[in-house]
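Chemist: What follows is the residue order along each chain.
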Amino acid sequence: MLEKIRAQKTLISVLCLVVTLAITVTAGIDFYQFRNYQEVIIPGEGVTGSFMLSEYLPALEGTYGDTMVYVMEGKTEGPSMLVLGGTHPNEPSGHMAAITLVEHCTVDAGTLYVIPRANNSAFTHNDAQEASPHFYHIQTASGTREFIFGSRATNPLDQWPDPDVYTHQPSGQSLSGSETRNLNRGYPGVADGNMTERACYAITELIKDKEIDMTVDLHESSPEYPTINAMVAHESAMELASNALLDMMLDGVQISLEPSPSTLHGLTHRELGDFTDTLPVLMETANPSHGRLRGATNEELVLTGKDPYYLKAAENGYVWVPYDETGVSIEERVARHLTGIHYLCEEYGTLYGKTLSIVGIPSYDELFNGSLGDYLN
Amino acid sequence: MKKLFTALLCAALTFSLLASCGNGNSGTNANNNGNNTSANQSSGSASDIELPELTGGFEAPILLTSAGQSADSDIIKTLCTKANITVELENQATAENLDGVKTLLISVGGSSKGLGAAGIDADQEIARVQDLIKAAQDADIKIVAMHVGGAPRRGDLSDKFLADPFHAADAAVVGSTGDSDGLIRGLLAENSVPTAYVDSQADCIGCLTTLFS
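Listed in order, the protein sequences are those of chains A and B.
If you're matching positions, the first sequence starts at 128 in the working numbering and goes up one per residue.
If you're matching positions, the second sequence starts at 18 in the working numbering and goes up one per residue.
If you are wondering where the hints come from, they were derived from the structure by calculation, not from laboratory data.
One thing to keep in mind: the hints can contain errors.
Beta-carbon label-pair distances, calculated as ranges [claimed, not checked]:
no., chain 1, residue 1, chain 2, residue 2, range
1, A, Asp378, B, Thr72, 51 to 59 Å
2, B, Glu105, A, Phe178, 43 to 51 Å
3, B, Glu107, A, Thr175, 40 to 48 Å
4, A, Gln300, B, Ser217, 47 to 55 Å
5, B, Gly117, A, Gly480, 45 to 53 Å
6, B, Glu105, A, Phe262, 17 to 25 Å
7, A, Glu426, B, Ser217, 32 to 40 Å
8, B, Thr72, A, Tyr479, 33 to 41 Å
9, B, Glu67, A, Glu427, 30 to 38 Å
The beta carbon of each residue, even a glycine, is placed where N, CA and C say it ideally should be.
Could you put the whole structure together from the sequences, leaning on the hints where they help?
Modeler: Structural data, given as structure tokens:
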């Protein structure tokens, strides 16, 4: 009897080991493939050049923190704008709005700089225990394109361990340790800091060197978060943002304006305004796949924003945006960002006498009623 | 004995699950859209009340301030600029800023980001606004209250800032979507305040022109 039990124990142990190894190998392959996946961006004719962000901090070269900066220079001189997509790669409308600019638009006057993967490392993994999809797919004329749904934060493989408390430099502000991997808590950046701080530093140096007039950081947030369908502006950019916002309202786009808190450090709309001459604005759209109240987290939710639990939450008054069974599609979210960029450029011309002229930005209605794939290569 | 413990544990688990689920209707409503706020419940049929039409006669110099520290004050300043009306914006204005002022324009709407930026809490903001309104009334300065932020500027935070400016107002401009429950209309009705309701912020330009013509 004892022998039988012993034999069974050995068998069970071997089985457990085999199952564990199988899970480890499968997960390992998945992690490896995701980390090394090459997302394809197909620059359009409006892109006149490109360089790696590490030009502004050689320590980033060859690391996952380095990222491509696309340059779209107009035929005539004019003001400049930097668009940051993918600060948080689990907020796809910012990423896709930046890619749309790179693939579909041209610049007549002035210069547009676009970084679609601002936190490149955060595109190499996604958040544990969130059940997020790795990819979402968009149908274009050239076929089905695949884009990454990444993480809010830098990959721990690139920056580990997190401290118990993250102390922002130079303010000395204390935040939870995991925020040390959040690109939008690391500005103005630290040249010899961790990877996230280095990326922030390089972006700040880029803005200073190119004397970039406006910076737009594109984000998404949960429908239950108060600062949503909103622009957040540094005090230096408040006049520009309020004018652009009124234009958006006239187009029927409901959006609110929020001031950048002067005591909350590390964010683009605060630090880039304090440490450079750029006018920084951050934009937020509603993304149910990002929220806490969501049900099944899958590609469909990322693309359509349709979720029965958010519908229930909306019916009971727990969300901060209009939400019904039509959801919040990726088209609507990208359209919001692009419309904001369009009017920021236009109003900059009104206020400062020189216009950044971007050609080919689809109107809000065109994109809202159409397909994002129509504006991708 | 084992069975008894198991039964007790099951009962405790079931009880704790029920307790944590709670009653779906009893939670605090964090909603912004004004459909379920406590103020809604007390507003009754205020949305049926007729208010006098907006008239002119308001004069410059104009001091623009905020009640709630939302960036709506910046939007109102932009609207004034578009209407060729010069205003001085001082989001944290006090009685000292009223010197020489003939009209106090108050942008009503709360923002946690704005309060944070100003380094104050809602109670301090309410106290400042009350003091400012009293000083303006003592100095015979006219008061115009504007709520242009729509539904996003309603809810637990913003509703705290409604009563003082709208009770004291000599005229008001209100975005329709921000008063779907009639709460603001009810406040204005108490003093029959001449009011214009607008469908979009851009429509405020016409109202401002009327007020300061």
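Chemist: Now tell me, hint by hint, if it's right for this structure.
Modeler: Outcome of the hint check:
A hinted range of 51 to 59 Å is violated for the C-beta pair aspartate 378(A) and threonine 72(B), which are about 31 Å apart. The hinted range of 43 to 51 Å is satisfied by glutamate 105(B) and phenylalanine 178(A), whose Cβ atoms lie roughly 45 Å apart. Checking the proposed 40 to 48 Å range against glutamate 107(B) and threonine 175(A) shows it holds: the Cβ atoms sit about 45 Å from each other. Roughly 38 Å separates the CB atoms of glutamine 300(A) and serine 217(B), a value that falls outside the hinted 47 to 55 Å.
For the pair glycine 117(B) and glycine 480(A), the supplied restraint of 45 to 53 Å is violated, since their beta-carbon distance comes to about 32 Å. Checked against the hint of 17 to 25 Å, the pair glutamate 105(B) and phenylalanine 262(A) fails, with Cβ atoms roughly 53 Å apart. Judged by the Cβ atoms, the range 32 to 40 Å given for glutamate 426(A) and serine 217(B) holds: they are separated by roughly 36 Å. Between threonine 72(B) and tyrosine 479(A) the C-beta distance comes to about 37 Å, which sits within the given range of 33 to 41 Å.
Between glutamate 67(B) and glutamate 427(A) the Cβ separation comes to about 48 Å, which falls outside the hinted range of 30 to 38 Å.
Going down the numbered hints, you'll see the structure goes against 1, 4, 5, 6, 9, while the others check out.
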